[in-house]
Every structure is written in structure tokens, then in C-alpha cells.
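**Student:** Construct the complete structure from the given sequences, taking the supplied hints into account.
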Amino acid sequence: MLNIEKIYKILKTILILIPVITFIWIIDRNFVFSGHMNTSYTFDKNNPFISILTPAGRALKIERNDFGDYSQKIIIDPVYFNLYSPTKFKTAKFTFTYKNPLNREIKIGQKIFNDDWSYWFEDLRCDENIGGWCVGRVEFDLTKASLDKRNIKFMISSPGLDKSGSEIEFTTIEVELIK
Amino acid sequence: MFIKNEKLNHYFLKVINDIFYISLITFLLFSVIELFLAKFITSFVNMNILLITVFITGIITILNNKQ
Chain F
1 MLNIEKIYKI
11 LKTILILIPV
21 ITFIWIIDRN
31 FVFSGHMNTS
41 YTFDKNNPFI
51 SILTPAGRAL
61 KIERNDFGDY
71 SQKIIIDPVY
81 FNLYSPTKFK
91 TAKFTFTYKN
101 PLNREIKIGQ
111 KIFNDDWSYW
121 FEDLRCDENI
131 GGWCVGRVEF
141 DLTKASLDKR
151 NIKFMISSPG
161 LDKSGSEIEF
171 TTIEVELIK
Chain Y
1 MFIKNEKLNH
11 YFLKVINDIF
21 YISLITFLLF
31 SVIELFLAKF
41 ITSFVNMNIL
51 LITVFITGII
61 TILNNKQ
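Taken in sequence, the protein lines are chains F and Y. Note that this note's numbering has the first sequence beginning at 1, numbered continuously upward. Note that this note's numbering has the second sequence beginning at 1, numbered continuously upward.
Bear in mind the hints are in silico, worked out from the structure with no lab data behind them. Beta carbons are placed, not taken as given, at the ideal position from N, Cα and C, and that holds for glycine. Worth double-checking, as some hints may not be accurate.
[Claimed, not checked] Restricting the straight-line Cα-Cα distance to at most 25 Å, the calculated cross-link-like pairs of lysine to any residue (SDA-like) are:
no., chain 1, residue 1, chain 2, residue 2
1, F, K73, F, E174
2, F, K12, Y, N64
3, F, K93, F, K107
4, F, K179, Y, K39
5, F, K9, Y, L24
6, F, K149, Y, N9
7, F, K9, Y, I16
8, Y, K14, F, N3
9, F, K9, Y, N9
10, F, K9, Y, D18
11, F, K6, Y, T57
12, F, K163, F, F113
13, F, K9, Y, I62
14, F, K149, Y, N46
15, F, K12, Y, K66
16, Y, K66, F, Y8
17, Y, K39, F, S34
[Claimed, not checked] Non-contacting residues of chain Y with respect to chain F, defined by C-beta distances greater than 10 Å in every case (computed):
no., residue
18, S31
19, F36
20, I52
21, F55
22, I60
[Stated by the list, open to error] From the derived model, a few chain F residues whose C-beta atoms are all more than 10 Å from chain Y:
no., residue
23, N30
24, K61
25, R104
26, D123
**Tutor:** What follows is the structure, given as C-alpha cells:
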């Protein structure tokens with residue numbers, strides 16, 4: 001039978017190992033040794049990698065619908081979000097889940113130079129429809145991206161959205177980052 | 001304390017004391033890293049949980065040392 005001193009020593013070793021293992025895990029997550037990383041922003045709580053859509057006024061407050069899904073609507077284009085990149089990646093594969101009632105043209109832009117106007121655009125198209133939500137995918141070459149404190153700025157644009165009186169509602173932004 | 005057995009009570013307080021020192025050192029270390037490399041730690045770990053652990057175990061440790 002184990003005596004209490006032995007149990008205490010085992011417990012102490014475990015207590016010391018917890019922060020050590022956590023720190024190793026943090027290093028692995030920051031340098032992404034596996035080569036790829038996934039994150040998903042569902043607008044319900046802050047995501048450390050994907051920011052909310054800004055500026056306020058063009059993008060409305062985050063709302064919760066009757067089904068418990070959170071979403072953010074945009075009424076004036078363009079709006080922006082930041083992607084935090086803990087290390088250097090080659091490719092970002094985005095999956096947007098959104099509602100676009102008037103099937104308006106939507107473009108996603110990645111900031112490529114350190115001025116405010118240089119963006120590389122990709123068209124966002126409704127690849128599939130799941131429960132009334134469009135799912136669209138776009139891919140970006142991050143080697144061209146402009147980094148500001150490890151953040152990459154993205155733009156969501158739908159020219160003439162304000163004049164159309166329509167709105168575009170986003171419920172999920174997923175990204176797969178590949179080294 | 002909840003544990004009546006004196007020996008068990010003694011070890012229980014020793015464990016709380018260890019948790020306090022380990023979580024305090026971890027918190028300070030993580031804070032210094034975060035200061036120089038923003039988001040390095042907080043992107044993955046909730047420092048508030050660590051801080052609450054430091055506070056609770058710290059209060060128990062201080063009260064125990066006073067007795």
C-alpha cells in the first residue's frame with residue numbers, strides 16, 4: 001500500500017509537470033510544428049485568431065438568432081477583420097458561412113502592402129447551401145500578405161451594398177492555415 | 001478544515017501550498033513572456049484562471065501560515 005508521503009510526492013511531480021507540459025504545448029501551438037492549424041470563429045465568444053468585423057456602423061452588433069446561432073450583419077461595405085498568424089504560413093483556406101439574400105457579389109481581400117489600399121481579392125461564391133446558410137470557400141497565398149504585429153488584415157467587400165438596402169450576415173469564419 | 005484526520009489535513013495544506021507556488025511562478029513566467037511576445041501565451045491559455053488559482057491558494061496559504 002502506498003503511504004501518504006509517496007502519494008504527496010507523486011502529486012507534487014504531477015503539479016510541477018502540468019505547467020511544463022502546458023508550456024511545451026504553447027510552444028508547439030505557436031510554432032505549429034505539425035504544419036497546419038485550424039480555427040473557427042462562430043461569433044459567440046472572442047476568438048484569439050480571428051477578430052470581429054469592423055468598423056461598427058458598417059458591421060452591426062453580433063446577434064443571436066432563435067436557433068442559438070450567433071451572427072454579424074454587414075450593411076455598408078467594406079468591412080475588415082484581422083487574422084492572427086502565430087508563425088509564418090504559406091496558405092490560408094477560408095470557409096465562410098453566410099446569408100446573402102440578394103445574391104450580391106462578395107469579394108474577400110487580403111492586404112498585401114503596408115498601405116491602406118492594396119488588397120488581393122478573391123470572389124466568395126455560395127458553394128453549398130446548408131440549412132439556409134451559404135458556405136463559400138476562398139484561398140489566399142500568405143507569402144504575399146502584409147503583416148502588422150503578426151496580424152493579417154482582410155476585407156469583405158460587396159460594392160453598392162448600402163444602396164441596395166440589403167445586408168449580408170456571417171455566422172462562421174473558419175480558416176485552415178498551412179505552412 | 002474539511003478533513004478531520006490531522007495527517008491528511010497537513011498534506012492537504014502542503015498540496016495547496018505547492019499549487020500556490022507553482023501557479024504563482026507559472027503566472028509570473030507567462031506574464032513576462034506575454035510582455036515581450038504579445039499573444040504568445042494568451043492566444044492559447046486563459047491567464048485569468050491561473051490568476052484566480054494564485055489568489056485562492058494564496059489566501060489559504062496565508063491563513064494557514066498565520067495559524
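**Student:** Against this structure, judge whether each hint is valid.
**Tutor:** We went through each hint and held it up to the structure:
no.	hint	in the structure
1	F/K73 <-> F/E174	17 Å, holds
2	F/K12 <-> Y/N64	19 Å, holds
3	F/K93 <-> F/K107	15 Å, holds
4	F/K179 <-> Y/K39	20 Å, holds
5	F/K9 <-> Y/L24	20 Å, holds
6	F/K149 <-> Y/N9	49 Å, violated
7	F/K9 <-> Y/I16	13 Å, holds
8	Y/K14 <-> F/N3	16 Å, holds
9	F/K9 <-> Y/N9	16 Å, holds
10	F/K9 <-> Y/D18	11 Å, holds
11	F/K6 <-> Y/T57	22 Å, holds
12	F/K163 <-> F/F113	30 Å, violated
13	F/K9 <-> Y/I62	22 Å, holds
14	F/K149 <-> Y/N46	21 Å, holds
15	F/K12 <-> Y/K66	23 Å, holds
16	Y/K66 <-> F/Y8	23 Å, holds
17	Y/K39 <-> F/S34	20 Å, holds
18	S31	13 Å, holds
19	F36	13 Å, holds
20	I52	15 Å, holds
21	F55	17 Å, holds
22	I60	15 Å, holds
23	N30	6 Å, violated
24	K61	24 Å, holds
25	R104	34 Å, holds
26	D123	30 Å, holds
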